[in-house]
Amino acid sequence: AQSVAQPEDQVNVAEGNPLTVKCTYSVSGNPYLFWYVQYPNRGLQFLLKYITGDNLVKGSYGFEAEFNKSQTSFHLKKPSALVSDSALYFCAVRDVRRDDKIIFGKGTRLHILP
Amino acid sequence: KAGVTQTPRYLIKTRGQQVTLSCSPISGHRSVSWYQQTPGQGLQFLFEYFSETQRNKGNFPGRFSGRQFSNSRSEMNVSTLELGDSALYLCASSSQTSGGAIDTQYFGPGTRLTVL
Numbered sequence: 021a022q023s024v025a026q027p028e029d030q031v032n033v034a035e036g037n038p039l040t041v042k043c044t045y046s047v048s049g050n051p052y053l054f055w056y057v058q059y060p061n062r063g064l065q066f067l068l069k070y071i072t073g074d075n076l077v078k079g080s081y082g083f084e085a086e087f088n089k090s091q092t093s094f095h096l097k098k099p100s101a102l103v104s105d106s107a108l109y110f111c112a113v114r115d116v117r118r119d120d121k122i123i124f125g126k127g128t129r130l131h132i133l134p
Numbered sequence: 002k003a004g005v006t007q008t009p010r011y012l013i014k015t016r017g018q019q020v021t022l023s024c025s026p027i028s029g030h031r032s033v034s035w036y037q038q039t040p041g042q043g044l045q046f047l048f049e050y051f052s053e054t055q056r057n058k059g060n061f062p063g064r065f066s067g068r069q070f071s072n073s074r075s076e077m078n079v080s081t082l083e084l085g086d087s088a089l090y091l092c093a094s095s096s097q098t099s100g101g102a103i104d105t106q107y108f109g110p111g112t113r114l115t116v117l
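These protein sequence lines map, in sequence, to chains Y and R.
FYI, in the working numbering the residues of the first sequence are 21 to 134.
FYI, in the working numbering the residues of the second sequence are 2 to 117.
Just so you know, the hints here were simulated from the structure itself, not pulled from any lab data.
Note that the structure is a prediction, hence the values are computed from the model and not measured.
Incorrect hints may have been included.
To be verified - In silico negatives: residues of chain R with every beta carbon more than 10 Å from chain Y:
#  : residue
1  : Thr21
2  : Ser28
3  : Gly29
4  : Ser34
5  : Thr54
6  : Gly63
7  : Arg74
8  : Leu82
9  : Gly85
10 : Ser96
11 : Thr105
To be verified - Here are the simulated lysine-lysine pairs, DSSO-like style, with alpha carbons at most 27 Å apart:
#  : chain 1 : residue 1 : chain 2 : residue 2
12 : Y       : Lys126    : Y       : Lys78
13 : Y       : Lys121    : Y       : Lys97
14 : Y       : Lys121    : Y       : Lys78
15 : Y       : Lys89     : Y       : Lys121
16 : R       : Lys58     : Y       : Lys69
17 : Y       : Lys121    : R       : Lys58
18 : Y       : Lys89     : Y       : Lys126
19 : R       : Lys58     : Y       : Lys126
20 : R       : Lys14     : R       : Lys58
What the hints assert, rightly or not - A short, non-exhaustive set of chain Y residues, derived as facing chain R with CB atoms under 7 Å:
#  : residue
21 : Tyr59
22 : Arg62
23 : Gly63
24 : Leu64
25 : Lys121
26 : Phe124
27 : Lys126
28 : Gly127
29 : Arg129
Virtual Cβ for every residue (Gly too), placed ideally from N, Cα, C.
Sequences are here, hints too, so could you generate the full structure?
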């Protein structure tokens with residue numbers, strides 16, 4: 021069955037430092053991978069996605085993610101963190117060859133320390 | 002384009018009652034999905050509708066149901082409410098890729114349901 025794991029419940033990063041939020045997945049076919057961000061009392065906002073092509077995907081607000089097929093990972097990265105990046109981040113996977121359901125990870129809370 | 006809208010934003014109900022939540026997708030989007038978000042369980046998929054047909058369903062009891070109208074607006078209904086149904090209910094709409102798969106989902110702000 022398809023699944024997605026975000027191994028860290030919380031990540032703390034000092035402002036200006038690079039950040040990484042980890043995500044690993046398991047699907048039977050080729051995955052569609054997504055990152056979303058959720059600010060307090062708001063719905064989820066789309067950040068970026070990987071479907072095919074270049075393994076490095078660039079998205080909104082300076083975020084990027086690298087698709088690594090051999091490690092089945094899709095980690096979210098940003099070169100220089102801002103306090104305003106503090107939020108809840110969700111990784112999601114969709115197995116379009118199977119049931120086309122989208123499965124979300126548990127979420128990682130990112131704290132950027134001033 | 003206007004985003005996904007959900008009404009109402011907040012609801013307070015008592016056990017045993019039923020509730021109907023509404024979602025209006027982005028114009029042109031024919032797919033609408035519903036999710037339940039709780040602190041303990043995270044985001045859980047409820048169901049997905051495409052062109053008025055239920056395309057996928059999560060592992061929720063039959064008390065949870067939904068439908069989609071010809072204008073793509075969707076409603077979800079929860080009957081015989083239980084305390085554990087207290088959650089943020091999120092609706093997402095999406096278009097299709099050229100290959101027919103569901104593309105990126107865009108979420109509404111959610112409806113916060115509290116069951117007393």
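A quick look at each hint next to the structure:
No beta-carbon of chain Y comes within 10 Å of the beta-carbon of threonine 21 of chain R; the shortest separation is about 19 Å. Annotated as non-interface, serine 28 of chain R keeps its C-beta farther than 10 Å from every C-beta of chain Y; the closest such distance is 17 Å. With a least CB separation of 16 Å from chain Y, glycine 29 of chain R remains clear of the 10 Å interface cut-off, as annotated. A beta-carbon of chain Y is positioned within 10 Å of the beta-carbon of serine 34 of chain R; the least distance is around 7 Å.
With a minimum CB-CB distance of about 13 Å to chain Y, threonine 54 of chain R clears the 10 Å threshold, and the non-interface call stands. Distance to chain Y confirms glycine 63 of chain R as a non-interface residue, since its nearest Cβ pair spans about 19 Å, more than 10 Å. Residue placement check: arginine 74 of chain R keeps its beta carbon more than 10 Å from all beta carbons of chain Y (closest about 17 Å). For leucine 82 of chain R, the requirement that its beta carbon stay farther than 10 Å from each beta carbon of chain Y is met, with the minimum near 22 Å.
Its beta-carbon lying about 18 Å from the closest one in chain Y, glycine 85 of chain R satisfies the requirement of being farther than 10 Å from that chain. Taking the minimum C-beta to C-beta distance to chain Y, about 13 Å, the non-interface status of serine 96 of chain R holds against the 10 Å cut. With a least CB separation of 5 Å from chain Y, threonine 105 of chain R falls inside the 10 Å interface cut-off, contrary to its annotation. As the CA atoms of lysine 126 of chain Y and lysine 78 of chain Y are separated by approximately 23 Å, the hinted pair is consistent with the 27 Å bound.
With a C-alpha separation of about 25 Å, the suggested pairing of lysine 121 of chain Y with lysine 97 of chain Y holds against the 27 Å cut-off. Only pairs whose Cα atoms come within 27 Å are accepted, and lysine 121 of chain Y paired with lysine 78 of chain Y is accepted, the gap being roughly 24 Å. The suggested pairing of lysine 89 of chain Y with lysine 121 of chain Y holds, with an alpha-carbon distance near 20 Å, which does not exceed 27 Å. Straight-line distance between C-alpha atoms of lysine 58 of chain R and lysine 69 of chain Y comes to about 23 Å, which keeps the hinted pair within the 27 Å bound.
For the proposed pair lysine 121 of chain Y and lysine 58 of chain R, the alpha carbon gap of about 8 Å is at most 27 Å, so the pair holds. Pair hint lysine 89 of chain Y plus lysine 126 of chain Y holds up; C-alpha atoms about 21 Å apart against a cutoff of 27 Å. In summary, the hint linking lysine 58 of chain R to lysine 126 of chain Y is supported, as the alpha carbons are separated by about 19 Å, within the 27 Å threshold. About 25 Å separates the Cα atoms of lysine 14 of chain R and lysine 58 of chain R, which keeps this hinted pair within 27 Å; it holds.
Hint on tyrosine 59 of chain Y is violated. Least Cβ distance to chain R is approximately 10 Å, over the 7 Å limit. Look at arginine 62 of chain Y: its Cβ gets to within about 6 Å of chain R, closer than 7 Å, so that hint holds up. Hint status for glycine 63 of chain Y relative to chain R: holds, with the closest Cβ pair at about 4 Å, below 7 Å. Proximity of leucine 64 of chain Y to chain R holds as hinted, the smallest CB-CB distance being about 4 Å (cut-off 7 Å).
Of the supplied interface hints, the one on lysine 121 of chain Y holds, with its beta-carbon coming within about 5 Å of a beta-carbon of chain R, less than 7 Å. Using the Cβ-Cβ criterion of 7 Å, the hint placing phenylalanine 124 of chain Y at the interface with chain R is satisfied: the shortest such distance is roughly 4 Å. The restraint placing lysine 126 of chain Y at the interface with chain R holds, with a minimum CB-CB distance near 5 Å, inside the 7 Å limit. For the restraint placing glycine 127 of chain Y at the interface with chain R, the shortest Cβ-Cβ distance is roughly 6 Å, inside the 7 Å limit, so the hint holds.
Given the 7 Å rule on beta carbons, the hint for arginine 129 of chain Y is violated: about 11 Å separates it from the nearest Cβ of chain R.
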